[in-house]
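With chain A held as given, fit chain B onto it using these hints.
There are 2 protein chains.
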Amino acid sequence: MVKKYNRFVQLMKAKPLDIYAKKFVAIITEIDAKQLGVFPLDRIGLVNTRNKKCITAIVDVTTTMFKENEIGLFKDVADFIGAKPNDKLEVMAVSQPDSVKLIKKKMRGETLTEQEIKQIVDDIAQNKLTEIDASAFITATYINGYSLEETVAMTKALVDDGNKLKIKKSPILDKHSIGGLNGRATIILVPIIAAAGCYIPKTSSRSITSAAGTADSMECLANVSLSVEQIKRITEKIGGVITWGGAVELAPADDKIIKIEHPLSLDPEGQVIASVMAKKASVGAEYLIIDLPVGPEVKVATKEKAEAMAKKFIEVGKHLGIKTEVLLTDGEEPCGNNFGAMLEAKEAMLVLEGKVFNSLAQKSCELAGALLELAGKAKKGTGYETTKEILQSGKALKKMKEIIKAQGARALSSADLKEAKLKQKVLSETDGEVTKINVRKLIMIARTAGAPADQKAGLVLLVEHNQKIRKGTPLFEIHAENKQKLELAIDLAKKDGAIELQKIIIEKIV
Amino acid sequence: MVKKYNRFVQLMKAKPLDIYAKKFVAIITEIDAKQLGVFPLDRIGLVNTRNKKCITAIVDVTTTMFKENEIGLFKDVADFIGAKPNDKLEVMAVSQPDSVKLIKKKMRGETLTEQEIKQIVDDIAQNKLTEIDASAFITATYINGYSLEETVAMTKALVDDGNKLKIKKSPILDKHSIGGLNGRATIILVPIIAAAGCYIPKTSSRSITSAAGTADSMECLANVSLSVEQIKRITEKIGGVITWGGAVELAPADDKIIKIEHPLSLDPEGQVIASVMAKKASVGAEYLIIDLPVGPEVKVATKEKAEAMAKKFIEVGKHLGIKTEVLLTDGEEPCGNNFGAMLEAKEAMLVLEGKVFNSLAQKSCELAGALLELAGKAKKGTGYETTKEILQSGKALKKMKEIIKAQGARALSSADLKEAKLKQKVLSETDGEVTKINVRKLIMIARTAGAPADQKAGLVLLVEHNQKIRKGTPLFEIHAENKQKLELAIDLAKKDGAIELQKIIIEKIV
Numbered sequence: 001m002v003k004k005y006n007r008f009v010q011l012m013k014a015k016p017l018d019i020y021a022k023k024f025v026a027i028i029t030e031i032d033a034k035q036l037g038v039f040p041l042d043r044i045g046l047v048n049t050r051n052k053k054c055i056t057a058i059v060d061v062t063t064t065m066f067k068e069n070e071i072g073l074f075k076d077v078a079d080f081i082g083a084k085p086n087d088k089l090e091v092m093a094v095s096q097p098d099s100v101k102l103i104k105k106k107m108r109g110e111t112l113t114e115q116e117i118k119q120i121v122d123d124i125a126q127n128k129l130t131e132i133d134a135s136a137f138i139t140a141t142y143i144n145g146y147s148l149e150e151t152v153a154m155t156k157a158l159v160d161d162g163n164k165l166k167i168k169k170s171p172i173l174d175k176h177s178i179g180g181l182n183g184r185a186t187i188i189l190v191p192i193i194a195a196a197g198c199y200i201p202k203t204s205s206r207s208i209t210s211a212a213g214t215a216d217s218m219e220c221l222a223n224v225s226l227s228v229e230q231i232k233r234i235t236e237k238i239g240g241v242i243t244w245g246g247a248v249e250l251a252p253a254d255d256k257i258i259k260i261e262h263p264l265s266l267d268p269e270g271q272v273i274a275s276v277m278a279k280k281a282s283v284g285a286e287y288l289i290i291d292l293p294v295g296p297e298v299k300v301a302t303k304e305k306a307e308a309m310a311k312k313f314i315e316v317g318k319h320l321g322i323k324t325e326v327l328l329t330d331g332e333e334p335c336g337n338n339f340g341a342m343l344e345a346k347e348a349m350l351v352l353e354g355k356v357f358n359s360l361a362q363k364s365c366e367l368a369g370a371l372l373e374l375a376g377k378a379k380k381g382t383g384y385e386t387t388k389e390i391l392q393s394g395k396a397l398k399k400m401k402e403i404i405k406a407q408g409a410r411a412l413s414s415a416d417l418k419e420a421k422l423k424q425k426v427l428s429e430t431d432g433e434v435t436k437i438n439v440r441k442l443i444m445i446a447r448t449a450g451a452p453a454d455q456k457a458g459l460v461l462l463v464e465h466n467q468k469i470r471k472g473t474p475l476f477e478i479h480a481e482n483k484q485k486l487e488l489a490i491d492l493a494k495k496d497g498a499i500e501l502q503k504i505i506i507e508k509i510v
Numbered sequence: 001m002v003k004k005y006n007r008f009v010q011l012m013k014a015k016p017l018d019i020y021a022k023k024f025v026a027i028i029t030e031i032d033a034k035q036l037g038v039f040p041l042d043r044i045g046l047v048n049t050r051n052k053k054c055i056t057a058i059v060d061v062t063t064t065m066f067k068e069n070e071i072g073l074f075k076d077v078a079d080f081i082g083a084k085p086n087d088k089l090e091v092m093a094v095s096q097p098d099s100v101k102l103i104k105k106k107m108r109g110e111t112l113t114e115q116e117i118k119q120i121v122d123d124i125a126q127n128k129l130t131e132i133d134a135s136a137f138i139t140a141t142y143i144n145g146y147s148l149e150e151t152v153a154m155t156k157a158l159v160d161d162g163n164k165l166k167i168k169k170s171p172i173l174d175k176h177s178i179g180g181l182n183g184r185a186t187i188i189l190v191p192i193i194a195a196a197g198c199y200i201p202k203t204s205s206r207s208i209t210s211a212a213g214t215a216d217s218m219e220c221l222a223n224v225s226l227s228v229e230q231i232k233r234i235t236e237k238i239g240g241v242i243t244w245g246g247a248v249e250l251a252p253a254d255d256k257i258i259k260i261e262h263p264l265s266l267d268p269e270g271q272v273i274a275s276v277m278a279k280k281a282s283v284g285a286e287y288l289i290i291d292l293p294v295g296p297e298v299k300v301a302t303k304e305k306a307e308a309m310a311k312k313f314i315e316v317g318k319h320l321g322i323k324t325e326v327l328l329t330d331g332e333e334p335c336g337n338n339f340g341a342m343l344e345a346k347e348a349m350l351v352l353e354g355k356v357f358n359s360l361a362q363k364s365c366e367l368a369g370a371l372l373e374l375a376g377k378a379k380k381g382t383g384y385e386t387t388k389e390i391l392q393s394g395k396a397l398k399k400m401k402e403i404i405k406a407q408g409a410r411a412l413s414s415a416d417l418k419e420a421k422l423k424q425k426v427l428s429e430t431d432g433e434v435t436k437i438n439v440r441k442l443i444m445i446a447r448t449a450g451a452p453a454d455q456k457a458g459l460v461l462l463v464e465h466n467q468k469i470r471k472g473t474p475l476f477e478i479h480a481e482n483k484q485k486l487e488l489a490i491d492l493a494k495k496d497g498a499i500e501l502q503k504i505i506i507e508k509i510v
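Chains A and B, in that order, are what the protein sequence lines are.
Each residue of the first sequence is one higher than the last, beginning at 1 in our numbering.
Each residue of the second sequence is one higher than the last, beginning at 1 in our numbering.
Hints in this document: simulated from the structure, not taken from any laboratory.
Because the structure is a prediction, the values reported are computed rather than measured.
Yeah, the Cβ is synthetic: ideal placement off N, Cα and C, and Gly gets one too.
Keep in mind that the hints are not guaranteed to be accurate.
What the hints assert, rightly or not - Listed next, with one range per pair, are the computed distances between beta-carbon atoms:
hint: 1; chain 1: A; residue 1: Lys355; chain 2: B; residue 2: Arg108; range: 41 to 49 Å
hint: 2; chain 1: B; residue 1: Lys67; chain 2: A; residue 2: Asn358; range: 41 to 49 Å
hint: 3; chain 1: B; residue 1: Gly408; chain 2: A; residue 2: Lys67; range: 25 to 33 Å
hint: 4; chain 1: B; residue 1: Glu307; chain 2: A; residue 2: Asp496; range: 50 to 58 Å
hint: 5; chain 1: A; residue 1: Pro85; chain 2: B; residue 2: Asp416; range: 38 to 46 Å
Chain A on its own, in the form it takes in the complex (with noise of 0.2 Å):
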C-alpha cells in the first residue's frame, strides 16, 4: 500500500473527532510526531489508503488521547478525505508551503512581487497557512506597509481568489464608508441612486464594534442572506439590493484575513485599501464613492491621515478601472439620532419617507449626489439637488420598497417596525450646555443594552450639540429587550458620561 515518497511513510489509523476546528488539524502521540521527524505546528501530509484523497494539516500532538499509529483528525479533516474510523492513512512530514518564506521577506522590509502576494493570499484561503503564519504576515504588513504596487496586487489577488458578479447593465455605482459609528445612509442612498436609473448592487457588513451595521439593519426589512444569482438578478431588475457580504464569498481570503487582525485590533492601511476595493471590485463597480470619517474617535484621526488614504484608493481605483472619489465626512458628531439595528432602520425609512429630514438624510443626499456627479448623472455642482428632490417625491420610497419586496420583505414601512419591550430615558443630572456628545460611549452603552444581538435594543439621542439644557432633561432613552441588559446598560450610562455639559452657572457668588 505504501508507495514511493521521497520521506519516511508511517500507516496509521484514522480515528475522526467530532470538532470542527475551522482549520485542518490532525492529532499524533509525541512518539509518532518524534518518528515523522515533526513538531507541534509543523505540516503533515496525509494520504487516505481507501479513496487516494490527500491533505496537509498541522500537527498537534498528544500524550493521553491516543496510542501510537493513530491519528486523532478533526471534522474538517476527516470530511476532507473523507476519513472513517480506522480508515489507513499514509502520513509523512511536509515541508512549509513557499509562502512562508514570503512572509519573511515581507518581515525584512522588502517588497512582495504581484506573484508572490498571489501566492500568500491563495494559501490563506486555502488554509494552508496557520494562524500562526497570517498573524505574522500581517504584523509585518502592519509595520512595514505596503507599497502602491502590492496594494493594487493584494487587491487583485483577492478578487481573483473569490466569486464575482457579472451585471449586464450599466452605470454601476458603489458607496463605501470606512468605520463610520451610527447613521444607515446606505439605505437612503441606494434607492436613490436606482431610482436615478443606475445600478448599485450594494454588499454591506454586520456589526464588528459599532451599534449596528448596515446588513444588521436592513435585515429588519428584509432578507440579507441572498446569492450571487440573486443579488445579479434583483439588480439588474430593480436597480438595487442591500446585501450581507458575508454570505456571498467575493473575497474569502479577505475574510480570514480580517479574523485574524480583528482578535490583534489591527487594520494595516494596504490591507484596509485592498479589502474594500477587492469588493467593489468583485461585484463590477464602475463609479464609486468612499465616505471617509475623520476625527479623534475614528479610525482616521486626522485630515493629513485621510489626505494620504484617499489618493491611495483613487490610485488603487485607477488600476482597477474604478473612478473613485473620496469625502472626507465629520467623524465626531453622530448622523442621525439612531443606535441600533432596528431603531437605524426605522430611522432611515422615517427619511425615505418624507417624514423626516434630518443630518442622516442631508448626508445621504450628498453622498448619492457625488456619485451621480461621478458617474456623469447629474452635472456638476446639481447632485446634492438631484438626489434630494428625487428623495422628497417619493421616488426613492417606492424604488425602496420594490427592493424589500425583491429581497423577502419583513417590513415595509416605519410604522411595521415594532420597537423594543423595554424602554428607559436617562436624565441629565444638571443644568447645562451640550459641548460634546461622545458617539464611541453612546455605542457602548447600546451594545450593553444588547446591540446588535438584539435587533431592537439600542438608544436614542434626544439631546444636540450646543441645546441648553436642564437637570431632569433626558439625555437620551435605552432600548432593551433583556432586564439583565437594560439595567447594564443603565449603570454604564450614569458612569460614563456620554453626554458631556458645561455648566452655565458656573459658581453662584452672594
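Just chain B, lined up with the frame of chain A:
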C-alpha cells in the same frame, strides 16, 4: 446564582470534550456568540457556579456541534475549572489582556519597559495570549529588534517566571553552544570541569533540526529527565550533571515562545540572547562560556554579526552577574566524525576513555580551558593544557562514570553502546580531492536515516577535508534501524552531494 458583574452574563451548560489543545478554548454557538458580543478568537470569562473556579478562554464558534446555551470545553479548560457535564457556568465577554496593547506598542517601534515586558511574559506563561498574539509579538520583535535594556528585561522576566536551582556550592560554571551542528563537546567538558573541582549543572536541549541534541546523546548513557531537586543534589555531590532542560520548567514562557518561533523559523536575536541567558541565570551560573559557531551554514553567518552578538551576550551577562566570554568557532567543518544520538555519545566516550583525540576532543578541551581561566581556576594561557591533562589522566572519565551512575546508568563505556542493525557505506563515484564537507547535508541524511527518533540511526564520516580519494572509497556509513528509512537516506545521499570533490585530473588530453 448570577452575581453582579458589569457585563452581560449568560448561564450555560458545560459540555467537556476529550481533547487537549494546550490552550484554553471554549466552543459556543453563533447565536450565543452574538448574545455575548464576541467573535471567534475573542476571550470569554467562565465561572463554574458549582465550585466558583474561573478561567479566561478563547472563543471558537460552531453551527452544528452544540445547542444554544451549551458550551464545549477543551479538556484543558474543563480540568482547570473542574467542569463536569452539565455544570452550570456563568459566561461573559472579557477584554483583551493589557499585553495585547503592549504588543501593538512594540509593533509601532516603541521601546517596552521592564514592567511591560514582564506583563507580556506572564501572560504568555499563563496562556492568556493566543497564538495569534504571540506570533504578532515575535514578528514585531524580529522586525524592530530589542534594545539592550529590553533584552535584559526579557531575560529577567523569563527567569522570574520559572523554577530556579539553588546550588549551595561555588563556583558554578556553564557553557552554551548556539546552533552547533554535531559533536557532543558538552559530554566531555562537563566531567572535565567537575574533575577540576568546579560545579556545572548543565541543562541541554533535544534535537530540533540537527541529527542529535546533547540530551538525546546523553540519554543513551543515562536518564536525562531529572527534577530540579535531583539536579541540585547530584551537582552538589559530584560537581556535574547533564540533563534535559525540557524536563525542568526553568523558563516555561521561553518554551512557549520557542514553540511559536519554530514554525516560522524565526529567532529574533534579542529573544535568542534572552532565552540562553535566562536558562543560565536559572541554574545560578557565575561563569559562562558561549561557543558561537560562525559560517554560512550556521545561525550566525559572518564574523561581524557574531562579534556584535557576542558583545550583547557579555553585556546582558553583566546585568545578571554572570561573567561571560564568547568564543567564535568554525561553523563549517564537522566537529568529530559522528552524527546521531548514540554515535555522538560513543564518540564522546571514546575521547573520555583516551582512545581517540580528534577535533571534538580538542574543541572540548579548548572550551573547558577557557571556562576554567574565566573562573580563575587556571592561569591565563594554561587552561587548555590543564584540561587536556585532566582528560588524558583519566580523571574526567572517572568523573563521567560517577555522573552516569548518579543519573541512573544505561551504559558506562563506549563498548556498552551497541550499533544499529542496518549499515551501509556510501562510496565515491569518482577520483578526486575532498574540497567541502557539507555538514547540513550530512545532517539531513542522518535525519532521513531515522535520527534523532531512532537513537542508533545516523552516520559516520569516513573522509576528511583535503583528503585525496579514489573511485570506490567509502565517504560515510549510514546507520539505521528501519529499512525504509535506510533506503530513503541512501537515495538522498546519492543525489545530494554532501561531500564535494575536485577532480584531480580535470581533463585527459591525448
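Hint-by-hint comparison with the structure:
1. Between Lys355 (chain A) and Arg108 (chain B), the C-beta spacing of about 48 Å keeps the proposed range 41 to 49 Å intact.
2. Take Lys67 (chain B) and Asn358 (chain A): their Cβ atoms lie about 43 Å apart, and the range 41 to 49 Å holds.
3. Distance hint for Gly408 (chain B) and Lys67 (chain A): a CB-CB separation of about 27 Å, consistent with the stated range 25 to 33 Å.
4. The hinted window of 50 to 58 Å between Glu307 (chain B) and Asp496 (chain A) holds, with their beta carbons roughly 56 Å apart.
5. Between Pro85 (chain A) and Asp416 (chain B) the Cβ separation comes to about 44 Å, which falls inside the hinted range of 38 to 46 Å.
Hint compliance for this structure: every hint is met.
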